[in-house]
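Could you build the full structure based on these sequences and the hints that come with them?
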Amino acid sequence: MKNTTERTSFHRLLFGYIPMLFLLLGTACVKDAAVDGTAAQIIGTWHQTSKTIDNNTSPKDSSRLIMQINKDNICVLCDSSKIAVKAKTILKRSGWSYTGGLFNIAIDLPASWKPVTDAATLTLERVDFKPDGTLSKTRLTFKRVADMEIK
Amino acid sequence: MKTGYRFFILIFLLVVIFSCKKDTYVESSVSGLWQQVSVTEDGTPMTLTPEQETCRILIEANGACRYYNQSFKKYNSGSGPTVFYGTWSMLDGKWINFTTDKWQFIPTLTSDSNKVVLTYKKDASNKIIGIDTLTSVQRQWSQYHIQSRFTILQLTANEMEIRLKTFEGEKKYALIFAPVPSDFIELKSAAAGKANYIPKLVTNQNYWTIRKEFQTLKTYVFKFRKETY
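First to last, the protein sequences are chains A and B.
As numbered in my numbering, residues 1 to 151 make up the first sequence, in order.
As numbered in my numbering, residues 1001 to 1229 make up the second sequence, in order.
The reader is advised that the hints may include incorrect statements.
Stated by the list, open to error - EDC-like mimics (lysine to aspartate or glutamate), calculated; alpha carbons at most 20 Å apart, straight line:
1) A/K92 - A/E149
2) B/K1226 - A/D128
3) A/K130 - B/E1213
4) B/K1226 - A/E149
5) B/K1172 - B/E1213
6) B/K1074 - A/E149
7) A/K137 - B/E1051
8) A/K114 - B/E1227
9) A/K114 - B/E1027
10) B/K1073 - A/D132
11) B/K1073 - A/E149
No lab work stands behind these hints: they were computed from the structure.
Written out as structure tokens, the structure is:
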């Protein structure tokens, strides 16, 4: 009789609690997905308002005076540099992604941008090695403008 | 019987506890700027040239990394390349993979006398006037980009120590992480935007030495110190 009760308890434990334990442990071991709204906030059309290098004001980056970041992970950069104007390549298309808290524009890789954004402004910051091995910090500031169709 | 159940539950709990054990190192601790401070070969400290001592790695969270060294800075009249690119990833919290440029050793030997095949410069009368070094080295080495897996020995907020077991030649003729300048030569004929550095000329005098380097396994330990920026 005792053996039967013991067996029943064990079966309850095996088929009742253990699957529950698995479920709890399974969900406990899963890393929480990063909740970050930055990627959604980057989407839109942006007009460059300033550029600084190591906190010193610098001429604007003419390779992206207007930048349109689309939902489909494609962005369009309006390049008004002399070379692009002469070659008639003022529109540059590139893929983009947001990984590890960094905004990656395919044509800029391996350099990537650290974005800080709110509804109206976008600040992109990247670091690069200088010839002497020290790092320089470039910061671009953009203002959101009305979405437009760039073809 | 009761003991059997208890034993089963104990084993089950042990398995569950250990399966949830946290990995040794986390990816986020690798990101940052790292200055190379030392390299050992089979436990012996390697003497680093001043160019190698400048080696730094900028590791970013998106999986890209940039290497800095001055091994080729003297090229192109002092404005040679100093920044190189690669990717990184961590495996099981124990290993770190870096991709770097490497060169494959592919010189050919003459079939009759086992001499290294070289290309020669000739004058107007077709008389040999010397070795065409740049053409020869391009036929002796083939550049590729490959992943190397390092074991993480130590990874703290300030220090990273990683170990690589590889063939001596695989390390020597690669950008892991700053090569010895004398093992490379300037490729003056390189087109704009292409690498203007390549391993040294292979001749009958050094062929077997280099070949042996590609057959000798060694263990390298690289130590880095984190820098703020």
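* Asked: Has the given pair, B/K1226 with A/E149, been kept, meaning a C-alpha gap of at most 20 Å?
  -> 45 Å, violated
* **Restraint check for B/K1073 with A/E149, where alpha carbons must lie at most 20 Å apart** => Since the Cα atoms of B/K1073 and A/E149 sit roughly 45 Å apart, the hinted pair is violated (cutoff 20 Å).
* Measure nothing beyond the straight line between the CA atoms of A/K114 and B/E1027; if it is 20 Å or shorter, mark the hint as holding. => 18 Å, holds
* Are A/K130 and B/E1213 close enough, with their CA atoms no more than 20 Å apart? -> 34 Å, violated
* Asked: Quick one, are B/K1073 and A/D132 close enough, alpha carbons at most 20 Å?
  -> Holds, at roughly 10 Å.
* Asked: Does A/K92 pair with A/E149 here, judged by a C-alpha cut-off of 20 Å?
  -> The hint holds at about 14 Å.
* Would you check the hint for B/K1226 and A/D128, treating anything up to 20 Å between C-alpha atoms as holding? => 17 Å, holds
* Hey, A/K114 versus B/E1227, does the alpha-carbon distance stay inside 20 Å? -> 19 Å, holds
* **20 Å Cα cutoff - pair B/K1172, B/E1213** => Cα-Cα ~9 Å, so holds.
* **Given hint A/E149 paired with B/K1074 - CA-CA distance at most 20 Å** => Judged against 20 Å, a Cα distance of about 48 Å means the pair is violated.
* Asked: Keeping to a limit of 20 Å between CA atoms, is the pair of A/K137 and B/E1051 held or broken?
  -> With a Cα-Cα distance of about 24 Å, the restraint between A/K137 and B/E1051 is violated, given a limit of 20 Å.
Checked against the numbered hints above, the structure breaks hints 3, 4, 6, 7 and 11 and satisfies the rest.
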